[in-house]
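**Q** As a plain string of letters, each chain reads:
2 protein chains.
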Amino acid sequence: MEIDPHPWDILQSSEIFEIPRLFQIRRNHCRQPKSGKEGDFYVAHFTNWVQSVALTDRGQLILVRQYRFGSGGLSLETPGGLMEPGEDETAAALRELTEETGFGAPDSVKIIGTIRPNPAIQDNYLHVVLLKNCRKIGPQKLDPMEEISVHPMDPNEVFAAIDGGQIDHALSIASLLLAKPNLQ
Amino acid sequence: MEIDPHPWDILQSSEIFEIPRLFQIRRNHCRQPKSGKEGDFYVAHFTNWVQSVALTDRGQLILVRQYRFGSGGLSLETPGGLMEPGEDETAAALRELTEETGFGAPDSVKIIGTIRPNPAIQDNYLHVVLLKNCRKIGPQKLDPMEEISVHPMDPNEVFAAIDGGQIDHALSIASLLLAKPNLQ
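Protein sequences appear in the order of chains A and Y. Residue numbers for the first sequence follow our numbering, so the first one is -9 and each next one is one higher. Residue numbers for the second sequence follow our numbering, so the first one is -9 and each next one is one higher.
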């Protein structure tokens, strides 16, 4: 029987870097109370995120393609983004879907997973929300710097695009594969 | 037919923050050549990562549990970590597996996915590597600050732990679900 590791205590915490409205980095001086070991560890603080796995009333998954400044290329993804203060998970997922794609009016909205984008360095959660029977209700509402194309795709095509590497965003892959048993 | 967004050009790039041996943050001043729009965007530069989806010679998946300073809690995960300079993907995956668990000597090692941990803000890749028929070949080789417990689990148990939320690390979930069709 393996003995699990012991949690560490934070003895001191200070913010050492910030990109306003995006994230802060903190340096935490920590101690493992059983071993007495001490060290500095870094945490990136983000607000929680949502990913919207949305089906149309024809049973297609609604994906988006946008330029990503991290990877420096176009990326085919599930819609998603940052939760706003006071917003709940399903409201955030529906807002992101409608802003990015113009689709909305789902007849069912359900959280199918609450996961950690990267627990090694980030403190936030990602809520994966399944929205069914969506239809086009208006135009996209994009920020001035956003350019997003909308791609309704058959689920078979989407899972083939994951296998083939055309969809390579890990958080979209996790979201779509978590949703896969619930698409019917 | 949707017209896809256009890639942006980087006009100027400067490093504005660094945690040595972990990551750097750059501010890139970018322009979209068709629209002429300009703005500052932030990229976190990381080296590439690997996740090891490893099966024992008894058909169990080898998971690890460790304290994560980002989430501030214990996390049940696939082994993995940073690739070292000059190291290839499969060598890195085997090294991480052996260091964290003491398991090694696979009879087959294969890259089953090359994905982006977060293309919105990070520039790196995550290579998902499947290692089959591993066996215990020695003790763990941990860094002084690392404490990791080793948990061989039946695949059914692992996928139930994803569904139940006991495994919540998005990159481990993506890796395990990508590997699922290849475990036999």
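The reader is advised that the hints may include incorrect statements.
Pairs count within a copy or across copies, as identical chains cannot be separated in the list.
[Stated by the list, open to error] Cross-link-like lysine-lysine pairs, in silico, PhoX-like; alpha carbons within 25 angstroms at most:
| hint | residue 1 | residue 2 |
| --- | --- | --- |
| 1 | Lys27 | Lys100 |
| 2 | Lys24 | Lys170 |
| 3 | Lys122 | Lys24 |
| 4 | Lys24 | Lys131 |
| 5 | Lys100 | Lys131 |
| 6 | Lys27 | Lys122 |
| 7 | Lys170 | Lys126 |
| 8 | Lys100 | Lys126 |
| 9 | Lys27 | Lys126 |
For the record, the hints were derived by calculation from the structure and aren't laboratory data.
**Q** Each hint should be assessed against the structure and marked as holding or not.
**A** Cross-check of the supplied hints:
no., hint, verdict
1, Lys27 x Lys100, "neither (43 angstroms within a copy, 37 angstroms between copies)"
2, Lys24 x Lys170, "neither (43 angstroms within a copy, 38 angstroms between copies)"
3, Lys122 x Lys24, "neither (49 angstroms within a copy, 36 angstroms between copies)"
4, Lys24 x Lys131, "between (53 angstroms within a copy, 20 angstroms between copies)"
5, Lys100 x Lys131, "within (23 angstroms within a copy, 43 angstroms between copies)"
6, Lys27 x Lys122, "neither (50 angstroms within a copy, 35 angstroms between copies)"
7, Lys170 x Lys126, "within (23 angstroms within a copy, 34 angstroms between copies)"
8, Lys100 x Lys126, "within (19 angstroms within a copy, 42 angstroms between copies)"
9, Lys27 x Lys126, "neither (56 angstroms within a copy, 28 angstroms between copies)"
Violation of the numbered hints given earlier is confined to hints 1, 2, 3, 6, 9; the remaining hints are satisfied by the structure.
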